Amino acid sequence: MAIPRFWREIRQRYKGIGVECKNCGEIYFPPRDICPECRRESYKKMEDYELKGTGEVVTYTKVHEPHPEFKDLSPYVMAIIEMDEGVRLTGHLVDVDYEQVERGMKVEASMRKLGEESPEGLIYYGYKFWPLDTHGKD
Amino acid sequence: MKAKNEVGIKGYAGYVPKYRVTPEEIGDVWGKDGKTMGKGLRVESKSVPSPDEDVVTISTQAAKWAMRRADIKGEDLEAIYVGSESHPYAVKPTATIVAASLAASPHMTAADYEFACKAGTAAFQTCMGLVSSGMIENGMAIGADTSQGAPGDALEYTAAAGGAAYVIGSDDLLAKIEETISYTTDTPDFWRREGEKYPQHGGRFTGKPAYFKHIMNCTEKMLERTGKEPEDYDYAVFHQPNGKFPVKAAKKLGFSKEQLEPGLLVTHIGNTYSGAVPLGLAATLDQAEPGDNILVTSYGSGAGSDSFDIMVTDNIEKMKDSEVPTVEEVISNKEFISYSVYAKFRKKIEGGR
Amino acid sequence: MRDVVIIGIGETEFGELWDRSLREIGIEAGLKAIQDAGVRGEDVEKMYIGNMSAGKLIDQEHVAPLIADYAGLSHIPSTRIESGGASGGMALSEAYKTVASGMNDIVVVGGAEKMTDVAEEEAKKILSSTADQEWETVFGATFDSLYAMMARYHMDEYGTTREQLAEVAVKNHSNASKNPSAQFPRETSKDFVMGAPPVSDPLGMFDCAPLSDGGAALVLCPAERADEFEGEPIEIVSMGEGGDTMAVHEREDIGTLKATKRAAKMAYERAGITSQDIDFAEVHDNFTITEIMAIEDLGFFEKGEGGPATEEGKTRLNDEISVNTSGGLKAKGRPVGAVGISQAIEAVQQLREDAGDRQVEDPEYGLTHNMGGTGSSAVVHIFRRWS
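First to last, the protein sequences are chains A, B and C. Going by the numbering used here, the letters in the first sequence line up with residues 1 to 138, in that order. Going by the numbering used here, the letters in the second sequence line up with residues 139 to 491, in that order. Going by the numbering used here, the letters in the third sequence line up with residues 492 to 878, in that order.
What the hints contain is simulated information worked out from the structure, not anything from laboratory work. Given the structure is predicted, the values throughout are model-derived calculations rather than measurements. Among the hints, a few may not be true.
Here are the computed lysine-lysine pairs in the BS3-like style, where the Cα-Cα straight-line distance is at most 30 Å [unchecked claim]:
id : chain 1 : residue 1 : chain 2 : residue 2
1  : B       : Lys456    : A       : Lys71
2  : A       : Lys52     : B       : Lys472
3  : C       : Lys616    : B       : Lys486
4  : C       : Lys749    : A       : Lys106
5  : B       : Lys482    : A       : Lys71
6  : B       : Lys458    : A       : Lys106
7  : C       : Lys616    : A       : Lys71
8  : B       : Lys482    : A       : Lys45
9  : B       : Lys458    : B       : Lys230
10 : A       : Lys106    : C       : Lys669
11 : A       : Lys22     : B       : Lys230
Take a look, some chain A residues computed to stay more than 10 Å from chain B by CB distance [as the list claims (entries may be wrong)]:
id : residue
12 : Ala2
13 : Tyr14
14 : Phe29
15 : Pro31
16 : Glu47
17 : Glu50
18 : Asp72
19 : Glu85
20 : Glu102
21 : Arg112
22 : Tyr125
Ideal Cβ placement from N, Cα and C applies to all residues, glycine included.
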């Protein structure tokens, strides 16, 4: 990934900054300039909204044939997460026993290395998820 | 060095990666009796970071939790210092990435520190200075490492990963830092040249003229300054490259094993370098009661020690119901791995893809 | 709008064509189609080429004029159409529209992909770039894993089983065993499919279509001129296109292919028929789960009934509806940009009753379903014999 392309999305990848439509209250992640529901009414009314970082698993898989840059982690678990705010996103589940993963499992975001340009190049960081029951108090 | 105005800890947290490898497992690969070596070093296992963990991710997680405990937002932080000897970049600060991940930037200052195993406590002192001088309200001091020992080297049995973060401020303190003092010399006991992957060390030279000399001198000076006796402290935390050194140093200084116990994590997680003293202090604070007095002395090769005299306040009680896991809880979430998986995780397998 | 017919078909072998380049593949398919139609090169007015990623796979953009040029037709306007895995089907749509509108009469539409000039893992990565690079693959999602998550969701939501997924591969291999132009013309068993090395749970190696080199081409003309040429004309009755979110996670029902539903609805309405009128269908079985979702979302079976229907044999040759008689992407092969065209070739062969051992009995309507990415684009065509 080119440097500017990564850099542009640092706020989203590190902090889960999405937007809230101040017209209808809907939360979007990744951010949108226009609310698909309110369209013109929402223009210039989309404000930053930081996701709390907790959510639950909607669906999941264990990847055995990763792209070359993810081989150190293989096999690893990917999931679609529904965040508490209702938005969904795709993320890596870390520090987890695959047998324990199921729909509805509570997870929390934690920043990890997503990859790197090359051994000499830029390191990409961003959100991954871990099970809340082994990594948090609740 | 006495603070001009009141300064101390508003929030803290430690983070240690989940994976563990035992000295026995390492020894098996190199034809050594790892089990016996582990016993000698008093290290039962060491933590290993997952391939997607580094000083940035460890620092970020610990800092996020510390902020939750301090009940402050990113924008409340005016300084972040990250101490480590394994910053992911040689040039490009860890602290800027951590600051962005906490939404602390841009109106703040940030920098990385390196002072072998005491870079974390160096960050403490900087934040203390900025807070007590009134230049900033809140600063973040982090010590974290993903240290590496060359394959088969003695360091490999202990070099581990972990870190802790502290919100340093002047109000709502959980613990006041009454005093800090340092002892610094030019002692070549351990180093890593630019561009080298693994550090070099002076073997047994790392003991008496290095670790013990600095820890002892610094701590003795602190006792002299405060006019306290070892038994006046409820707890003591010393740098812990292995399980033997801090116990020996404590004994020589007149501290008991019980005083060390809560902060002696090396047995379970190995030497977390810049993370070691900050993590040990965090584990101690997890158990502390109001009015407890803690003495802390770090050690960094090269060499130097920083001592701190810390007084726990009534606010510590609030931490008991915190949503943030204690160091003990973090450490208890573990998974043992083989040397081969460890070698893969730490990129010790050449040409691995 | 004019009625449009296919008068010529041609395709190359599908597989690892080490000694052939993209331009050679494209030319062979095109020339075969022109010969089958009995048109002359100079009659051709326009060319479309479906191609997913020549830029990344062979470092060559602008491949449509390249192929036209090497076919000796450098004077013909030619355009590449890209819509991920649906590139071929979308190219056919464009060709159909230009003939139907009266803009052009004789049009060649082809699809070609050269996937083996890069290492297999590189080709898979390129395929994954048809998913959302910034919000899916950067986090570690592979193309396989996104479909695996759809499969898991479908299993959790609708009770689809691992065995039912395997049955898709078993059936398609069985059909391919009767297709001389299939890349893998051999039977397989449920145990073999389920015992294959894992790719992305619950999908194993035999739940995934291969990466193939290959090309396919068609010649289209207005029905009113079909008599002028040799090839037996097959009518493109209708076409429908649909879209859905780029990222799988944005979909309310991860087990439903909305673009496919939309495309099918449009195609049925335009043809004035329903899903029940379809006798055979070539569906986009890039993974076994995709066929199960597709036969539901195309309306052949109720939602959640795709798995049981497959298990009960309802999609086998000459059962309730014959699905993927060619062997599908799974066993006929997957030269990505050529897939939509290759599917249409199967439809033509079936309707011409040229399909040999895999012939559907007395077919009236055939359907092809071609999908891009994880289903964010889809195109459906309906065919019947011209009379």
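Structure-based check of each hint:
1. B:Lys456 x A:Lys71: Cα-Cα ~43 Å, so violated.
2. A:Lys52 x B:Lys472: 26 Å, holds
3. C:Lys616 x B:Lys486: 26 Å, holds
4. C:Lys749 x A:Lys106: Since the Cα atoms of C:Lys749 and A:Lys106 sit roughly 28 Å apart, the hinted pair holds (cutoff 30 Å).
5. B:Lys482 x A:Lys71: Measuring from Cα to Cα gives roughly 10 Å; hence the hint holds.
6. B:Lys458 x A:Lys106: 23 Å, holds
7. C:Lys616 x A:Lys71: 13 Å, holds
8. B:Lys482 x A:Lys45: 48 Å, violated
9. B:Lys458 x B:Lys230: 37 Å, violated
10. A:Lys106 x C:Lys669: 49 Å, violated
11. A:Lys22 x B:Lys230: 38 Å, violated
12. Ala2: Correct as stated: the minimum Cβ-Cβ distance to chain B is 17 Å, above 10 Å.
13. Tyr14: 4 Å, violated
14. Phe29: 15 Å, holds
15. Pro31: Nearest chain B Cβ is 15 Å from A:Pro31, so the label holds.
16. Glu47: At roughly 15 Å from the nearest Cβ of chain B, A:Glu47 sits farther out than 10 Å, so the non-interface label holds.
17. Glu50: The claim breaks: A:Glu50 does not keep its Cβ more than 10 Å from every Cβ of chain B (closest is about 7 Å).
18. Asp72: At about 4 Å from chain B, A:Asp72 fails to clear the 10 Å cut-off, so the statement is violated.
19. Glu85: Holds: least Cβ distance 17 Å, greater than 10 Å.
20. Glu102: Consistent with the label, A:Glu102 stays out of reach of chain B, its closest Cβ about 19 Å off (over 10 Å).
21. Arg112: The assertion about A:Arg112 is violated, with a minimum of 4 Å to chain B.
22. Tyr125: With a cut-off of 10 Å, A:Tyr125 comes too close to chain B, as the shortest Cβ separation is near 6 Å.
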